[in-house]
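Asker: Sequence:
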Amino acid sequence: MHSRIISLSLALLLCVGFVPMQAYAASGRDASDIVISFTNGPDENDSVTGTHTLQFSTSGSGTLVNMTIELKDGSNWVELKTLSSSPWVYFWDSTDVNNGTYQLRAWGNDSSAGEDTSYAYSGNFTISNQVPVISNFSLADIVVGDGSSPSNRAWTTTPANGSLIFSWAGSDDDLSYASLVNVPGPGSPANDGPGSFDYTWNWTNGNLEEGKWGPQLTLYDSSGLSATQTIYIGIDRSGPSVGTPSVSTNGWVNSNSVELTGLSSGASDSGGSGIDHYETKIGSGEWMTAGSSGTASLSLSEGQHTIHVRSVDRVGNAGSSKSVEVGVDLTIPLLGGWNVPELNTSRIGAILVSYIAADPLSGISESDCLIQYGFDSDGVGSTPDITGRWLSMTAGLEGTVGLTDWSTKSRQYLMLRATVVDNASNSILT
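Residue numbers for the sequence shown follow my numbering, beginning at 4 and rising by one.
Derived by calculation from the structure, the hints in this document are not laboratory data.
From the three backbone atoms N, C-alpha and C, an ideal C-beta is built for every residue, glycine too.
Each hint should be verified, as a subset may be incorrect.
[Said to hold, decoys possible] Pairwise CB distance ranges, derived in the manner of DEER restraints: (1) Gly274 / Asn79: 53 to 61 angstroms; (2) Ser199 / Asp49: 49 to 57 angstroms; (3) Pro189 / Gly254: 45 to 53 angstroms; (4) Pro90 / Asp176: 27 to 35 angstroms.
[Stated by the list, open to error] Subject to a maximum C-alpha distance of 25 angstroms in a straight line, what follows is the list of computed DMTMM-like cross-link-like pairs (lysine to aspartate or glutamate): (5) Lys284 / Glu328; (6) Lys75 / Asp96; (7) Lys325 / Glu289; (8) Lys325 / Asp362; (9) Lys215 / Asp144; (10) Lys325 / Glu345; (11) Lys84 / Asp49; (12) Lys325 / Asp279; (13) Lys325 / Glu262; (14) Lys412 / Glu401; (15) Lys75 / Asp144; (16) Lys84 / Asp99; (17) Lys75 / Asp99; (18) Lys84 / Asp144; (19) Lys75 / Glu47; (20) Lys412 / Asp381; (21) Lys412 / Glu369; (22) Lys84 / Glu73.
With these hints in hand, go ahead and build the complete structure from the sequences.
Answerer: Here is the structure:
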């Protein structure tokens with residue numbers, strides 16, 4: 004009897020266990036008979052790049068009022084889009100997420116059943132978008148610089164009616180086309196691609212101006228990804244200016260070694276490639292490099308010379324020259340003689356004395372010359388012994404000895420000497 008009761012109880016328990024499960028299924032997502040299906044993948048192990056068109060088909064007697072599409076990013080389902088009407092199509096840009104393995108699912112609301120539909124799942128797929136890789140972007144006929152930065156600008160001397168030849172190279176699994184902008188305008192070259200590629204642009208507008216630019220290469224692929232690189236370039240066809248050279252205040256020196264200064268003072272390349280060095284030329288001779296310091300050391304023979312100077316920029320443009328007259332005088336002045344009036348004890352008042360000298364090259368520098376005098380007991384010696392020292396007149400080779408009564412100088416000697424200086428600072432003491 005007990006066995007029958009137990010068997011009956013088990014049978015009832017089994018019945019109770021099955022009936023509620025069917026009821027729960029009927030009141031959940033399975034209450035809707037709408038079935039959503041992916042019609043174009045992604046399927047298991049597919050590789051997705053760029054924009055993928057998600058298309059869905061539906062079947063069943065219910066009324067689908069919306070559809071939500073979700074992406075599983077490892078552990079969580081993230082909503083991509085909720086569509087509100089058919090056609091049930093969504094253009095999904097896969098570049099919005101990182102490369103990796105994903106799965107999609109879709110579900111909607113069945114207004115007839117008053118419930119959500121069951122889930123439709125895609126296969127597990129990978130997103131493998133490849134950003135284009137630029138391996139080369141260069142300009143032909145660069146004179147200096149590589150264009151990698153504004154401070155290392157690629158400079159060229161391309162003429163106004165010439166062409167700028169750009170080359171590029173890149174890779175991508177679905178490379179579409181390349182564009183080039185920010186070139187010396189007006190305008191920009193046509194895109195390279197899609198279809199076939201020339202991998203170069205021969206750009207000219209018939210009047211390429213001097214200046215600085217940052218041409219930009221962009222590679223686009225069919226997935227909507229792109230990569231960009233800039234090359235910094237400059238066109239410089241004009242030579243730089245040079246400072247005014249100088250040697251000395253009067254242009255004469257007393258050495259074969261002459262140093263010009265002032266070459267860099269006020270010198271400018273006016274926004275071009277920059278001054279590289281300075282050059283000098285003696286008369287009608289050849290131009291010689293003088294370095295970049297703004298000074299120039301020359302070796303000159305005695306005589307007068309015309310020295311030309313100019314600046315040269317980093318791309319080889321030479322600017323207009325300036326010149327300076329430089330004289331080399333290695334010879335001391337030629338001495339002549341004294342002009343002194345007759346002296347006696349009856350003379351009253353000052354006397355005028357002068358010295359005659361000449362210099363055939365640089366000439367006498369009167370302002371640097373000096374006459375000195377003194378009174379001596381015997382006219383012998385280097386210093387007048389009565390006055391005890393040399394007395395100076397005003398600068399020049401002419402002056403006065405100012406005495407009121409010469410009778411006080413009876414039996415004394417008037418000693419005179421002159422320091423004669425030329426314009427090259429050569430001097431001699433008489």
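Asker: Would you check the hint for lysine 325 and glutamate 345, treating anything up to 25 angstroms between C-alpha atoms as holding?
Answerer: Violated - the C-alpha atoms of glutamate 345 and lysine 325 are around 55 angstroms apart, more than 25 angstroms.
Asker: Lysine 412 and glutamate 401: Cα distance at most 25 angstroms?
Answerer: Within the cut-off at roughly 22 angstroms; holds.
Asker: Take the C-alpha atoms of lysine 84 and aspartate 99, compute the straight-line distance between them, and say whether it is at most 25 angstroms.
Answerer: 13 angstroms, holds
Asker: Holds or violated: are the alpha carbons of lysine 325 and glutamate 289 at most 25 angstroms from each other?
Answerer: 15 angstroms, holds
Asker: Starting from lysine 325, check that the Cα of aspartate 362 is at most 25 angstroms away, please.
Answerer: Violated - the C-alpha atoms of aspartate 362 and lysine 325 are around 29 angstroms apart, more than 25 angstroms.
Asker: Could you grab the alpha-carbon distance between lysine 325 and glutamate 262 and see if it respects the 25 angstroms cut-off?
Answerer: 16 angstroms, holds
Asker: Starting from lysine 284, check that the Cα of glutamate 328 is at most 25 angstroms away, please.
Answerer: Status holds; Cα separation ~12 angstroms.
Asker: Does the beta carbon distance between proline 189 and glycine 254 stay inside 45 to 53 angstroms, or does it fall outside?
Answerer: 52 angstroms, holds
Asker: Does the alpha-carbon distance linking lysine 84 and aspartate 49 stay inside the 25 angstroms limit?
Answerer: Distance ~21 angstroms between lysine 84 and aspartate 49 Cα, so the pair holds.
Asker: Can the restraint linking lysine 84 and glutamate 73 be considered satisfied, given a maximum Cα separation of 25 angstroms?
Answerer: This hinted pair holds, its Cα atoms lying about 7 angstroms apart.
Asker: Given the hinted pair lysine 412 and aspartate 381, is their alpha-carbon gap at most 25 angstroms?
Answerer: 12 angstroms, holds
Asker: Please work out if lysine 75 and aspartate 144 have their alpha carbons no farther apart than 25 angstroms.
Answerer: This hinted pair is violated, its Cα atoms lying about 53 angstroms apart.
Violated hints, listed in ascending order, are 2, 8, 10, 15, 18 and 21; each of the other numbered hints is respected by the structure.
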